[in-house]
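Q: Here the protein sequences line up with chains A and B, keeping their order. Using the numbering used here, the first residue of the first sequence is number 1, and each one after it goes up by one. Using the numbering used here, the first residue of the second sequence is number 1001, and each one after it goes up by one.
In short, the hints are calculated from the structure, not lab data. Please read all numbers here as calculations on a predicted model, not as lab measurements. Any given hint could turn out to be false.
[Stated by the list, open to error] Cross-link-like lysine to aspartate or glutamate pairs, in silico, DMTMM-like; alpha carbons within 25 Å at most:
1) Lys28/A x Glu1119/B
2) Lys1110/B x Glu409/A
3) Lys28/A x Asp1003/B
4) Lys406/A x Asp1006/B
5) Lys28/A x Glu1106/B
6) Lys1125/B x Asp34/A
7) Lys406/A x Glu1119/B
8) Lys406/A x Glu1085/B
9) Lys406/A x Asp1003/B
10) Lys1125/B x Glu66/A
11) Lys1125/B x Glu395/A
12) Lys1125/B x Asp358/A
[As the list claims (entries may be wrong)] Anything over 10 Å on all C-beta distances counts as not near chain B; from chain A, calculated:
13) Arg23
14) Arg43
15) Thr72
16) Gly144
17) Glu191
18) Gly303
19) Arg329
20) Asp346
21) Asp352
22) His368
23) Glu395
24) Val410
All residues carry an ideal CB built from backbone N, CA and C; glycine is no exception.
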Amino acid sequence: MIAGTRTGLNVERIRADFPILARTVHGKPLVYLDNAATTQKPRAVLEAIASYFTEINANVHRGVHELSARATDAYEAGRERVRRYFNAASTHEIVFTRNATEGINLVAYSFVKPLLKAGDEVLISAMEHHSNIVPWQLVCEAAGARLRVAPIDDTGTLLLDEFERLLGPRTRIAAVTHMSNALGTIPPVHEIVAIARRKQVPVLIDASQAAYHMRVDVQALGCDFLVATGHKLYGPTGIGVLYGRESRLEAMPPFLGGGDMIGSVTFEKSTWNVLPYKFEAGTPHIAGAIGLHAALDYIDAIGLDAIAAHERELTVYASDVLGAIPGLRIVGTSPDKSSIVSFVIDGVHPHDIGTIVDREGIAIRTGHHCAQPVMERFGVPATARASIAMYNTREEIDALGRALEKVREVFA
Amino acid sequence: MSDLADLYQEVILDHNRRPRNFHTLAGASHSAEGYNPLCGDRLTLYLKVADGVVADVSFEGAGCAISKASASLMTDAIKGRTVSEVQALFDRFHRMVTTPPGQPVEDMGKLSALAGVREFPVRVKCASLAWHTLKAAMANEHQTSTE
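Extracted from the complex, chain A is given alone in its bound form:
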């Protein structure tokens, strides 16, 4: 039986599309299990970026010359590709950002901050990444508003009743992750959005982790905003996506001022460009949008449903293999989780785990995963985290299991 074909995904063929997966680390074949931090890039993405620079490099929305027109077309085709990936109604609703963090900050400063008065509230969950905590803290602090946090249980599952209870008349926005980067939990985002809409509270969904593991449909969700980042979608770093419902974006003031986002400029007053350009000040990451386009083509050619099935199967397998190691405890055991296995080993700090498995060519993340409140909730300073993508195999999980046995030997 060929590795990883149990769910119908031809993993061997997929692996051949990712040049970096052929390399060795410390003399061992690379086992890349740090996908929640960033995914590797298929050749198609690398080639799309190279061909932009070798064939059509020019600035967008500016020149009348051929290259500028071609670059503009390619950049805007990237936007259309993103719209299709997330099933937004219009490309007016797709704003390119640097990353998901910038998207959240844009919403915090352009949408929430002008609404926020002393005593108002912003509601998040206890499993958010720092990027979905700190921007809200900043705007809350400035307004004298309060950041509320919907708790999670000991498995890392969101307490939906508590979330609903905390959504009050003063809640100006609810911002919740679609998948926890530290625990792998997939909160019931459809219910979350439905509850919030019933109470007429706008919702932002952080799909940074979810977007490369499962289908994310903004119209089916009905959320007001959604953010994602390109480098986790097998695309380049430096390109992110903000989806905003058109009526919301229309009503919002610009986030950053500069070129490209203006209608006209005089020293007395400037007017704003139409959507989505109002929110894209300055020369954008053109190559990033083009690379992301190729990445989304790649994901859809493989098929998100097949990817999700493969990753879920592998997550269960990894939980079994790791869970069988004496002294190892998995942190985050929600019934609805995927792709992430966070763990601690008795008497061994995660940082030491990371160093030892690295010598076996295995890349995992160790630390607080930019989710310090999650670490605190589970009473650990840090965890080790194996995170799975479409190209990972059972053999790689077995290699991790063997490396963790070595960790136990060193610290026996």
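With chain A fixed as given, assemble chain B onto it according to the hints.
A: Just chain B, lined up with the frame of chain A:
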């Protein structure tokens, strides 16, 4: 595996398992908190300095084996030394862990166990955290960070 064995020498594993001077210190004259945001290592160092001599020293906190063992070994090494001797020791330790791997380093006795971190550049900060915290404590700064 040989460089791993250099990193996780028995003396380091021992000091990680049974850290010395691992408690708070009543009547400390200096203290500082050290934090490595990269991995979450956090320690508090207490010093009792009298007549220019480190009469007593202790630490507490949570961290990886390297940072904990380094703190433990350091407290053993500086107890009873004069402030200027401790300063010299800091400089020698710093030189040892930042000398590129493969190049000779001076023998620092038990502290030489930490020379193995040179093969692991991202772990040098773990080994240095206690020493930077020591420096901060002696200067009476409240908090230090290796980032």
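Q: Determine for every hint whether it applies to the structure shown.
A: Verification of the supplied hints:
1. Of the supplied pair hints, the one linking Lys28/A and Glu1119/B holds, its CA atoms being roughly 17 Å apart against a limit of 25 Å.
2. Between Lys1110/B and Glu409/A, the direct Cα distance comes to roughly 23 Å. Compliance with the 25 Å bound is thereby established for this hinted pair.
3. Only pairs whose Cα atoms come within 25 Å are accepted, and Lys28/A paired with Asp1003/B is accepted, the gap being roughly 15 Å.
4. Restraint check for Lys406/A and Asp1006/B: the C-alpha separation of about 15 Å stays at or below 25 Å, so the hint holds.
5. Distance restraint check for Lys28/A and Glu1106/B: the Cα-Cα separation of roughly 33 Å exceeds the 25 Å cut-off, and the hinted pair is therefore not satisfied.
6. Pair hint Lys1125/B plus Asp34/A holds up; C-alpha atoms about 22 Å apart against a cutoff of 25 Å.
7. A hinted pair counts as satisfied when its Cα atoms are at most 25 Å apart, and Lys406/A with Glu1119/B qualifies at roughly 19 Å.
8. Among the hinted pairs, Lys406/A with Glu1085/B is inconsistent with the structure: their alpha-carbon atoms are about 40 Å apart, more than 25 Å.
9. A threshold of 25 Å between alpha carbons decides the hint, and for Lys406/A with Asp1003/B the separation of about 14 Å falls inside it, so the pair holds.
10. For the hint linking Lys1125/B to Glu66/A, the alpha-carbon distance of about 52 Å lies beyond 25 Å, and the restraint is violated.
11. Between the alpha carbons of Lys1125/B and Glu395/A the distance comes to roughly 33 Å, so the proposed pair goes past 25 Å and is violated.
12. With a C-alpha separation of about 17 Å, the suggested pairing of Lys1125/B with Asp358/A holds against the 25 Å cut-off.
13. Every CB of chain B is more than 10 Å from the CB of Arg23/A (nearest about 19 Å), matching its label as outside the interface.
14. Once the 10 Å rule is applied to beta carbons, Arg43/A is consistent with being away from chain B; the minimum gap is 29 Å.
15. Annotated as non-interface, Thr72/A keeps its C-beta farther than 10 Å from every C-beta of chain B; the closest such distance is 41 Å.
16. The non-interface label for Gly144/A is consistent with chain B: the shortest C-beta to C-beta separation is roughly 28 Å, beyond 10 Å.
17. Its beta-carbon lying about 33 Å from the closest one in chain B, Glu191/A satisfies the requirement of being farther than 10 Å from that chain.
18. Consistency note on Gly303/A: stated as away from chain B, and its beta-carbon is indeed over 10 Å from all of that chain's, at 37 Å minimum.
19. Listed as a non-interface residue, Arg329/A keeps its Cβ farther than 10 Å from every Cβ of chain B; the least gap is roughly 16 Å.
20. In this structure Asp346/A is separated from chain B by more than 10 Å, as the shortest Cβ-Cβ distance comes to about 12 Å.
21. Chain B draws Asp352/A into its interface by the beta-carbon criterion, the shortest separation being 5 Å against a cut-off of 10 Å.
22. Not every Cβ of chain B is farther than 10 Å from the Cβ of His368/A; the closest lies at roughly 5 Å, contradicting the non-interface assignment.
23. Listed as outside the interface, Glu395/A is consistent with that label: its C-beta sits roughly 21 Å from the nearest C-beta of chain B, beyond the 10 Å cut-off.
24. Consistency note on Val410/A: stated as away from chain B, yet its beta-carbon is not over 10 Å from all of that chain's, at 5 Å minimum.
The structure shown violates the earlier hints numbered 5, 8, 10, 11, 21, 22 and 24.
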